[in-house]
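The two chains are supplied separately, each in an independent frame; assemble them into the complex guided by the hints.
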Amino acid sequence: MDTIIQNTINGALMGCIYALITLGLSIIYGVMNVVNFAHGDFVMLSMYFTFWVGTLWSFDAVATPAVTFPLLFLFGIFAYYVLIDGTLRQKYVTQIAVTVGLQTLLRALAQMIWKAQPRALPYSIIQGNFQVGGITIMLSRLITAAVSIVAIAGVYFFLTKTWPGRAIRAASDDLDAASLTGVNYKRTYALAFGLGSALTALAGGLLMSFQQVDPTMGLRFGLLSWCILALAGLGSIPGLLISGVIVGGTEALTMSLWDPRARSLIVYLIFVLVLWLRPRGLFGRK
Amino acid sequence: MRSKQRTIKTSLLLAGLAIVLLVPLLLGRNQYHMVLVTTVLLYGVLATAWNIIGGMGGQLDLAAGAYLGLGAYTAGTLLLRWNVSPWLGMIVGGLVATGFAMLVGLPLFRFGVKEVWYALSSSALVEVLRVLFQMWEEVGGPTERYLPYHVSSWYHLRFASYVPFYYILLAMLLIALFLNVRISRSKLGYYLFALGENEDAAEVLGVDARACKLRALMIYAFLVGAAGGVYACLYGFIHPNFFSSAMSTETAILGIVGGMGITYGPLVAAVLLVSFREFLRASLGGQLEGLYLAVYAVILILIALFRPQGIATFIRDAYGKAMSRLQVTGEKDVVSADSPGL
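Listed in order, the protein sequences are those of chains A and B. With the numbering used here as the guide, the letters of the first sequence map in order to residues 1 to 286. With the numbering used here as the guide, the letters of the second sequence map in order to residues 1001 to 1342.
Because the hints were derived from the structure by calculation, they are not lab data. Incorrect hints may have been included.
Stated by the list, open to error - Partial list, computed: chain A residues near chain B (C-beta under 7 Å):
{"no.": "1", "residue": "T104"}
{"no.": "2", "residue": "L109"}
{"no.": "3", "residue": "M112"}
{"no.": "4", "residue": "R119"}
{"no.": "5", "residue": "P260"}
{"no.": "6", "residue": "V272"}
Each residue gets a CB set at the ideal place from its N, CA and C atoms; glycine is no exception.
Chain B on its own, in the form it takes in the complex (with noise of 0.2 Å):
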């Protein structure tokens, strides 16, 4: 029973990967299309990296602005000054986002700040990289930096289309993925769940809260500045704004109401809500601007209130019911709905 369980949900993984790797060949004419998955796999990298630290360490960070400007302005940079290929950049711009992370990470931590000025000193962060940008005049200043123009060039990451950001990013979004899984799996991540839970609680057993929170947080932060360096490659300039308060709330909001601690549930959130909004903009943005975020706003507040665990919990409520029904003959007991992970 348990073969034929694993074989169903193999089979099913497989399936979607397939799907999700001929998505550009269905949509690949349609620039807008492409422009859509392409946002919507960026948004699902920030927020399942934010799962990381957010939704298992229970840490409310809303720095992902920041790591992805850091990693945004390290491979424009690095390009613009001396002609290193992003590829190298997007690494090396992870490696800054961690470095920095690290920087932050550990005082931040040694003294004991959590929860709700936790969230509002990695929130005042990206305003004040924001603003050191600005003023920074050899990398940054006040206005947008050009990337070197190409039709299409492997090596400077230029393309005329988007097909090959699509690919880009979605291995990025499966080594997220991969990542999430393994640490959900690992010694690490049983300690991050603890003390998502209950902090006090998780250190007076004996969790080191300071380490496994630097290291969630360095591990978010390098995704995320990678994931910038392709960023900035995708819209052909790096900007302060990259630095931005908005984004970083709404990768926390993603990896909140799509399932705290759920592997997928931030991918879930991403594709159903970014999608949703980016269909509400081209639908009501013409009208009467703020209306589609607006409604999109009150979606998330209704999750919120009447789905706090998540909405990735509808899948796997319906995943363990459907599994449940397919053995109602077999043993009962071997059902368990919330395996953590898909």
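If we strip away everything but chain A, and leave its shape as in the complex, we get (with noise of 0.2 Å):
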């Protein structure tokens, strides 16, 4: 019984960080509208650059977002100028294509950069476990939480208190009177693609300092981070923080209570439920 409650903690603690990939995405779907298949790939691009610069400047896994969050930032404002900005005004089915295209781009190239065997960073300065009434709660686990958390707060802060952050919160609501307010739509919109993918960068930085990666991660997180944001609907933050601690709190009941390789079936079963009883989410504006 304590090993399931233990588990669905650590559980719960990771769905904090499921919680800031979802982010990411319901900036990008909330904002602009941008259906992103290849969301999941991007954490997993993010996770592989951790590696990297964890392995050639031995950065500890949790430090390397200072390196990858601009560099994540900057591939989302490439990949929107490129890629995103020329299907805005297409049917979604063309933005589906061409970002399941660049998700299909992503995993080949990390199956030729990296190879396919799974990469992990050494270690990590933070480590061990401690115990609270008999229950063990991975250090790690606790402390990403914790930053995930105050990332998410930061976000949140940033969407609410600062100009270019009000400029997406206007244009999410609505992009023609925030025009004639003097929102730069195109600016806006890549800045939002930008940060959102930058968010992948920091989930990916604290995934790496207890996990490893592979190619084909990208479908599992891409999946995950779309349950959570139905779970949540769209707008609010507080919600997808409860979302994210819900998925991967029965994530980790089911693997520990059924079976390990029915992982994600609860989760995409709520998920399916959610999508027919309440379609705006459980926390979503209209």
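Below, the structure written as structure tokens:
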């Protein structure tokens, strides 16, 4: 029983990182209405960049975002201008075709550069675990969850209190009205896309402190983050965090009560049920 | 003039069919080339079937792998357990896939799940089935299950060469194309095109969106499921990885870059792109793992960006131009380049 509670807590802590990943997706989808099927592969790419920075300059995984965050930000802006901007006036199907193409491209590149075998960083300074009433909690999970929450709060502050952040939110509410008040939509969109992908760099760094990476990881992270987004609904950042925790905890519960292979099955089931019964999510605005 | 145009069209189609029928005679000796054309045909069947729900109906279905896997497992298990011929097995497989599609489609369409959410839930479906079949030891299990080995047997659909599979898949492709043409000229087809253009508007005009989408999904699932039965025999085993999300997305992508709703669009895309991909794999695959896929992905992105209507529109335009050149002296108004179907 204790192990089940323990696993669930660790899963829920992992869910905070999921929420961080989903926050990036939610900015991209919520603001620009761009369907990015490659978001999970952005996470995969970030994890590989983390691996690179970590091995080349022997950075600790948690410190790598100092390099990978700006890198992924630039990558996002580049991807926006080259790929996404041209699809904004097309049907959503074209957008999906382009981002699925990007997904294939990223996976192929990862395979070319880093080969198919899993990669991991040797060690992280965050090690060990501690006991709370007979339950062991991994320190790495706790700290990464804390960092995720702080980062989410930071983004919340950015979106509500700073001018570029408020421009992003204005554009997501009403693009035409925002344009009239002097918001440059292209730059705002590029900023949103850059921010969305930069957040995966942060998540990638945190994930790499206790996990390995392989080229096929993107699929799971992509689907998971869409599940969390569906569960949370658009527009609520605290809701995102709660949904992330629910998804992470459910994954861990499924693994310890049923079968490790079934990891995401219940999450997908919840996803489909939410789509049927509550399309705007648990916390979303209309 | 019209009849002349029709004669040209028919003779072109017949000539094309003759060439396709003769392909194995020309390539039959070379195993690699036969594998290649058979793969192209398989993707052709999948993408052409996808055109019914995706191209016409505008529903971005990413679950081709689910129906393919269900068909493969049904045909394979029937053969392994009860020695039922895959000829029957592929029909049953198609029916199982259809039943499953109905089971999934009814609530999805009832609750109005559409666009990206439909795409994502269908994509999740493939993953769910893959894991379930991995865990279901009686039928699946994590390792492959080999179908009974025979050097050559019509009953067991086992052959020493790929030529019979080529003809079986070709027949399926023709059936899929025929269904596409029939549907695109039927009421269901017009409703689907309307849904694909604008779902809300179509519903306001009285299109029963739920019923139309469900019927399209079931027809598509049947074709893909039946192809799954052939797929199992082609490889000689069944494996949970048949529920492949890569294959599912590729099917949809071929349908999109081929040209949504153009009958021969997905086929054109399958012929050009799958053979191009295999060519890349053969020429680049040895040097650097993944390079061929990267090049392939770039091509897909370029097509989607610069020809969002699909590559089949190149052919349609060329055909229209050639037709109008033929009759510059005749009436000008009879040329319609965008007649639905070929």
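Structure-based check of all given hints:
1. T104: Interface hint status for T104 (chain A): holds (4 Å vs cutoff 7 Å).
2. L109: This hint holds: L109 (chain A) lies near chain B, its Cβ roughly 6 Å from the closest one there, short of 7 Å.
3. M112: holds (4 Å)
4. R119: Hint violated; R119 (chain A) Cβ to chain B Cβ min 15 Å, cut 7 Å.
5. P260: Check failed: Cβ of P260 (chain A) comes no nearer than 10 Å to chain B, outside 7 Å.
6. V272: holds (5 Å)
Of the hints listed earlier, those the structure fails to meet are numbers 4 and 5, in rising order.
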